[in-house]
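For the protein sequence lines, the chains are B, S and U, in the order given.
Going by the working numbering, the residue at position 87 of the first sequence is 87; the numbering climbs one at a time, nothing skipped.
Just add 1000 to the spot in the second sequence (first one is 1) and you have the working numbering.
Just add 2000 to the spot in the third sequence (first one is 1) and you have the working numbering.
Since the hints were made in silico from the structure, they are not lab data.
Positions of the beta carbon are idealized from the N, C-alpha and C atoms, including for glycine.
Heads up, some of the hints might be wrong.
[Stated by the list, open to error] Quick partial rundown of chain B residues pointing at chain S, CB under 10 Å, derived from the structure: (1) A85; (2) T157; (3) D161; (4) W162; (5) D164; (6) Q165; (7) R167; (8) L169; (9) A171; (10) P175; (11) L186; (12) L190.
[To be verified] Selected chain U positions facing chain B (Cβ under 8 Å, derived; list incomplete): (13) W2038; (14) V2084; (15) M2086; (16) S2108; (17) K2296; (18) G2297.
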Amino acid sequence: MKKQPRFLSLLLIIGLFIFVLVPFVPLVLSSLSFGWRWPDVFPQGWSLRAWEYVVNDVRTWQAVGISLWIALIVTFVNLLLALPAANALVRYPVRGRWLFEAIIFAPIIIPPFISVMGIHLSFLRFGLTETVLGVVLAHIAPTLPYMFRAIMVSYQTLSVDWEDQARMLGAGAMPRFFHVVLPHLLPGILAGASLSVLISLSQYLITFIIGAGQVVTLPILLFPFISGGDPAIASAYSLLYGAIAIMALVGMDAALKRYYQMSRVPQQEKGVKP
Amino acid sequence: MSDLRIIDIEKKYRSAQAKDEASFLLSPVQLTIREGEFFSLLGPSGCGKTTLLKLVAGLLEADGGELWFGNENLSNVPPESRKFAMVFQQSLLFPHKTIEDNVAFGLKMQKVGKKKRLNAARSMLDHVGLSGFGRRFPEELSGGQQQRVALARALVANPRVLLMDEPFSALDPSLREEMRELLSQIQKDFRVTVLFVTHDRDEAFALSDRIAVMGEGQLRQIGSARQLYERPHNTVVASFLGLKNILSGQVTNGRFVSSDKIIDASVHHPLADGDYYMIIRPESIKAAAADQSGHVSIRGIVQEMKYVSGSYNLKVIAETQVLECVLTPFQAEQTAVGESIDLLVDMKEVWFLKE
Amino acid sequence: MKTYPLAALGTLGIILSACSSEDAGNATNADSLLTADWDAIQDTAQGQEVNMYMWGGSDNINNYLDEWVAPRIKQDYGIELNRVPMNDAQDIINQLLDEKIAGKTEGSMDIIWINGENFKAAKDNDLLWGDFTGQLPNFNDYVDADAPEVSEDFGEPVEGLEAPWGKAQFVLVHDENQHEDPPKSMSELGDWVKQNPGQFTYPAPPDFTGSAFIRQVLYETTGGHEQYQQPAADIGNLEERLEPMWQYLNSIEPYLWREGETYPESLAKQDQLYASGEIAMTMSYDPALAASEVLKGRFPESTRTYVLDEGTLANTHFLSIPFNASDKAGALVAINELMSPAAQTAKLSPENWGDLTALDLEKLSPEQQQAMNEVDLGEATLSIEELEQNRLPELSSDYIDIIEEGWTEYVAKE
Ligand SMILES: Nc1ncnc2c1ncn2[C@@H]1O[C@H](COP(=O)(O)OP(=O)(O)OP(=O)(O)O)[C@@H](O)[C@H]1O
Ligand SMILES: [Mg+2]
């Protein structure tokens, strides 16, 4: 009786693991393959050609750095925009709120490159093209909705009573935010930030149009190989891309855990039991 | 001379759908709560108790009126600067902070040094019987313990007024009893002014120096527990306080005759002729056949008998009128459900109301 | 609160759209480079950083530029050559179009790699700098400027706006061990297909290579390429002339892979069918591609390429300089260097790229010729001479559109 659910959950975890890992297997094989003809299950030979190219190219590592840097700034800016917006939208009866939400969520529904093609001319005039700043601004459109959504949901689950309680203990606006609101929002912020980072990392077209070849992120290097039909190098880049994305997520998660641990140190030295 | 004075504070909630029509109106409130007093707001659910409390706290913005503490006008002071404290129905302990840090929070906001505030927090935890729990996290405490922490946290910064909104209603009855005693004790120790909200009559009676009975957004009557119970101003207050034996009738020439004619007796107080309600406290009804002077006798049939800690509560039906009375076990043993019973009402203990 | 955020957004939009700078025609003294002497150009070029925007989907080509060309240009001329990877040359043109509209005068693109449609679009929209090829010593010395494959790009006069960098030619690919004697004309192919049903197919247009195969059919079944060297609109009875081509394609259809019910949607798909042995032949517009697929182990080692007896289509790919290039002198020097016999010889080697030279072999010195001839092209690739002797000129894009639409109507649908 007791064993069964455990067994079941173990099975589920293994299943999930396989589900997540299986798509990577062909990528790994293809990145290392030499002569992999279609009906064969495994390649006939192995070659490090693709990995040598990817790893030895300085551009690869510059691109990794720039990709992460952009994703980080984008996420930070999203946070600064989404926090007050979500707060206002959840807490106050804003008139025309559906319109506001529609504008924020539009980039998810309308392909963002349509709007980006539109702003390309304006960015050109402002001298924002070919700059990291321009790319960051352009990445905000497709990423902000997710950050906004995640934070809004978190806000909705935060009863005003908590802030009222802090107020009654003498906490002004800033302490209230840092002691009550932020800790509650953190998991939501992490979810939003993860999506924001992932989506920013995966932007090709927007980066390409606004960055115009001068802001070279990982997808900019990767795409020509996908469409150009060099599956080995495309696979190697994809794997590298996946690894970077996972590292970014794990890193953020670890940062959150550290934060919680830091605010929870006393638990380790929990001494007197009454 | 640090009384809390509520002067004509009022509040209107607008309903979301129908325009203009207010969904709830708290009529202007006039109230002075004396320094060190334990004052309760008692009323049925939805009568506006929380609303009034939050207006005092400043968490809601009043539509009009003023709030004074001593000779300081607090009407436009934000809640965090009023030096009040508040305990809610839920303990609302910050989940990511230890119990100690939770209790010390108010002092931290006043920029008290870490060592000092933790010491204060620990001694306050002592007071509420939770010494040694300081390093735990809220989720590691029981509901009653959490509420004690909330109380300690509210008191640690020496608030001028402690506001409490049904703080014990989520606890089970025996625990509630215990918490009342603790609160009573602490209130005496710290001599803090308390404004307490409850819909539980016994709780209000047990704790309060004075009570305001509320109903439908209005203060109906203010007074001590005894004043309210024995001299309610109107039938609404009376029935809310558990005085269910309300008989309508008429007084003519010093005699009261109830509408269903079960009572016809002379009135002890001088009353002008007219329509009246007669209130009989359950405790002033006895089971006896023999007539005694100044008593009226009523014959009825026992409809329900309930044993409640040491005595019996009976519902007796006389004509159409249901009377509630409290009998000793000895008296109750003489009768049973369905049997007829003779009751005596002491006319010196009844009370007449115009409305 | 209330509607302020909306108002703010609206205002931002208005500001963004209102700010349109009008100063476009900022003619720099760069134009003097079109007449300056070469030494002066080299002096100006010194220390410039030249961005070369080009398709970035081949490790060979990327490595050739990053590791062979760039260090040499840096050392010999003090020019920093920076390759910028692109997904599609079309993107380059769109980018330049926007820059032109926005009046951007200091562009980042110094050299672009284009040909065909993209060149025509760039030329029609004035996106290219000017007639610069006459300034390049290597162009003057080693290129036959009057040869049709240099003076025209898919039928569009080049007018010195772009310099030839390399050449491509249509070849058919087969496995020597399976079929020793592959069909060398369209009529032979017709018979071969009937004898070997299911063994042949071609990528459906608008796949570039599939479309080229159909042009190949056009030349052979309608009486040669010469008649199509004029604009399509000038031929009154074009539909009638194309009729035999549709007949031919429909006649082989039942004997194709999957009985012609479907066609591979891309060359990559067709190559996969060939690699797995499902079909016996594939094709390519890059004569060295099969050899490199063999090197990568994807094609069997007995893979060979060949051209048709009447010749196959050939085109040239070019390097050009956009109107707003910031470092035009550097671009000139870099292009000149990319056209040098040494760079072209290195480019020819399959280890680097395997791209045919744009230079006229006869204008090279004997040593230079020898160096070129000694490059091992791989067994699968034909010799330069054999390819050169069997070139046919390309059609202009108006024909290509007509043929691709016609194929859908007369072949795919029937
Ligand atoms: N934000 C609000 N908007 C509109 N109406 C409200 C709002 N808050 C409360 N009300 C209404 O005001 C009335 C009084 O509410 P209040 O919370 O003061 O009642 P209460 O006496 O505290 O009741 P309880 O004992 O159930 O807590 C209720 O009818 C309630 O529906
Ligand atoms: Mg309430």
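Now for the hints, and whether the structure bears them out:
no. : hint  : verdict
1   : A85   : 23 Å, violated
2   : T157  : 13 Å, violated
3   : D161  : 6 Å, holds
4   : W162  : 6 Å, holds
5   : D164  : 5 Å, holds
6   : Q165  : 4 Å, holds
7   : R167  : 5 Å, holds
8   : L169  : 4 Å, holds
9   : A171  : 5 Å, holds
10  : P175  : 6 Å, holds
11  : L186  : 9 Å, holds
12  : L190  : 14 Å, violated
13  : W2038 : 29 Å, violated
14  : V2084 : 4 Å, holds
15  : M2086 : 7 Å, holds
16  : S2108 : 6 Å, holds
17  : K2296 : 7 Å, holds
18  : G2297 : 2 Å, holds
In summary, the numbered hints that this structure violates are 1, 2, 12 and 13.
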